[in-house]
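Student: For reference, the chains in residue letters:
There are 2 protein chains.
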Amino acid sequence: MEKEFYIPQGYRFAGVNCGIKPGSTKLDFAMVVSDKPATAAGVYTQNLNCGAPVVYDRERTPGRGFHVVATDSGVANACTGKVGLFNARKMAEYAGEAVGATGDQTLVMSTGVIGIHLPMKAIANGAEKAAAKLGSSLKDFEKAATAMMTTDTKLKTVSREKTLPNGKTIRIAGMCKGAAMIGPNMATMLATLMTDAMLEPEDAQKILRDAVEDTFNCISVEGHTSTSDTVLLLANGAAAPDPLAREDLAAFAELLKDMCRELAPMIPNDGEGVSHLITIDVFGAPDRASAKLLAQTVANDALVKTAICGADPNWGRIISATGRCGVPYDPSKVSLKVNGYLLYENGAPVPFDKKTVSDAIRNSRDTSFEIFFQEGDASIRFWTSDLTVEYVHLNADYTT
Amino acid sequence: MEKEFYIPQGYRFAGVNCGIKPGSTKLDFAMVVSDKPATAAGVYTQNLNCGAPVVYDRERTPGRGFHVVATDSGVANACTGKVGLFNARKMAEYAGEAVGATGDQTLVMSTGVIGIHLPMKAIANGAEKAAAKLGSSLKDFEKAATAMMTTDTKLKTVSREKTLPNGKTIRIAGMCKGAAMIGPNMATMLATLMTDAMLEPEDAQKILRDAVEDTFNCISVEGHTSTSDTVLLLANGAAAPDPLAREDLAAFAELLKDMCRELAPMIPNDGEGVSHLITIDVFGAPDRASAKLLAQTVANDALVKTAICGADPNWGRIISATGRCGVPYDPSKVSLKVNGYLLYENGAPVPFDKKTVSDAIRNSRDTSFEIFFQEGDASIRFWTSDLTVEYVHLNADYTT
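Note that the protein sequences, when read in sequence, are chains V and Y.
In this text, residue positions in the first sequence follow the working numbering: the first is 1, and each later residue adds one.
In this text, residue positions in the second sequence follow the working numbering: the first is 1, and each later residue adds one.
Quick caveat, the hints were computed from the structure, so don't treat them as lab data.
Fair warning: there could be bad hints in the mix.
Claimed, not checked - Pairs of lysine to aspartate or glutamate residues, derived as EDC-like cross-links and limited to a Cα-Cα distance of at most 16 Å, are as follows:
1) V/LYS333 with V/ASP397
2) V/LYS355 with Y/ASP397
3) V/LYS354 with Y/ASP397
4) V/LYS82 with Y/GLU345
Given the sequences, and given the hints that come with them, work out the whole structure.
Tutor: Listed below in structure tokens is the structure:
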């Protein structure tokens, strides 16, 4: 049975084809519109060469009074110099004005090829077409989510509904895209999260940052932090106009993080060419930053990722990866389980039946690594994809 | 015409099959013997889970009085706990005693699968067989080099001859192996370098470290620093018994680095499944460490490496990679050339004919990136391989 999907009140959505890639009929322009002025928060890539839309949005969030998020897929508008900044502002103006708002009440996101200028006629066309098709059905929501996708093969949407301690029932929904150039450092892809609760801008920013840190910042495909990563949160108060405070805010923050924890792994699970979603749990690390670096080094390791693709229980690559990342630990106090099988205990190999473990990897989409250190109390969960022949095929011929 | 090969005086070599992988006839046990006691220096992996042979050699170098380097290929003897340390010592004893020396006069190296114990009967057998076949011809030298190889497809040997300021003519020769799990942090593979000059242990260590830093530490295949990386230098004084000093030592150091500069890129050029050797030159970085991190981040980037595999001039991935590594720079002062074509200048794209650049990449084994910053005077050269479908095939099924 399908899970029920909860669309927050007061939002309308559209996804259209505006012609970013001439000849393509793919949906490539998305709009999310809040009729009430919404608080907005954003978390962005730490890549120095951030895209022009990131520069535009970062200057404006956190803040109040937003009505529109417009997204194109196909051209990232990154590494495009001053022309790119001009085009990002123009895109915001086109989208805002198409629904009776302004460029300053609009946030923009772009994803696709780096170093190409936005085709502004297509963008203007997209804003007009999307504004004419806005609706609040699940189908409209999914069309907007589809229009954000590039090499994604699956829709990535989730939602939550909850009655807060104050008695008000609120909703949160999120859509995101991402299948490659995924390496967490702040956010790592595009996502729009929206709620009909109301939040103060500083509260929105803080709880968004906290949620991202444990979710979207704990995923990777190949570890490349993109120029364009953006997670936006809109809060319009349509279900409850008073800004959340204290226990309501805490309950909301928990709900938001819980939703992101479902949404984020959808990205590596749809990683380009992926055949396994790998969940890495690190236990007993000296501190959180070390736990993350250990997990991330394993997650980005081509040798680990190809082994899992081949259902090869070559666990030495996992242990070797943890040893090369610079986190100090006692190698004689490390243990490892793969899919629940203990393969390495206190720095020495444990005899195991290779075929049994290989079959366990081959026969499940989900692979689990549990890596146990004895250095402290920090733990973390991190998600990544395996590395397949199809990933190389897809990326060897992306622009040509 | 073949280049002349200069084998240093006073060394003998053998490469034999000892049966590390039952049923295989591949040469898998190498011995290099110096009849005179040689000074030895070593540079080793920084991986915390270093192999038992690394532990064994590291305790003994730099030092004097060495006669043997014994190497097996097939089993890395890493992540093998106390049994592994015992076996490494045993391997040194077998090899040393087979030529009338001791375990303490012997250094050992192992490469292959992690987490498997050395088959000690095969190792004892290898020591006996190799001792019986030692010779000083080029063929013997090449057999030893062949016996170090795992997934390598090409022999990696170089040599130099030079008359030093003191009038003595000396030789240096080197052999190395490596095709994957290549990510520089100290050394990144196995290499034995040998000279018939004499060196004080501390001098040998210093000039070896300097040479490695600019050569073997500036290569990668997928960026994974192995558990077993080792570069050894033997100096036996067979051509000139007095330890080198001052201008002779400086001339020798230059010759050694020059030789390593030829030897090191042979590794990524023979990287698993490689179709392009990529040479990355970074100019104008704030300092050497930053220059290296910039080059290394580009070198290890799966998106950059797949693009070159596909002859796709998708330069945005190169610029984006430099922006994600944490080195601060002004993005509006960066320029990029690929194979001599200017594609990005001062932070903005330069129009170019895609087919021309794509053809240039496709039609040459060698790809060049020149990345220009305006932050300082530091520059570096780094070598890497592209990422191909064959790499994934080779690594998805390595142990199973």
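Student: Does each hint hold? Answer for all of them.
Tutor: Quick rundown of the hints versus the structure:
1. V/LYS333 with V/ASP397: violated (44 Å)
2. V/LYS355 with Y/ASP397: Measuring from Cα to Cα gives roughly 13 Å; hence the hint holds.
3. V/LYS354 with Y/ASP397: holds (13 Å)
4. V/LYS82 with Y/GLU345: The hint holds at about 13 Å.
In terms of the numbered hints stated before, the structure departs from hint 1 and from no other.
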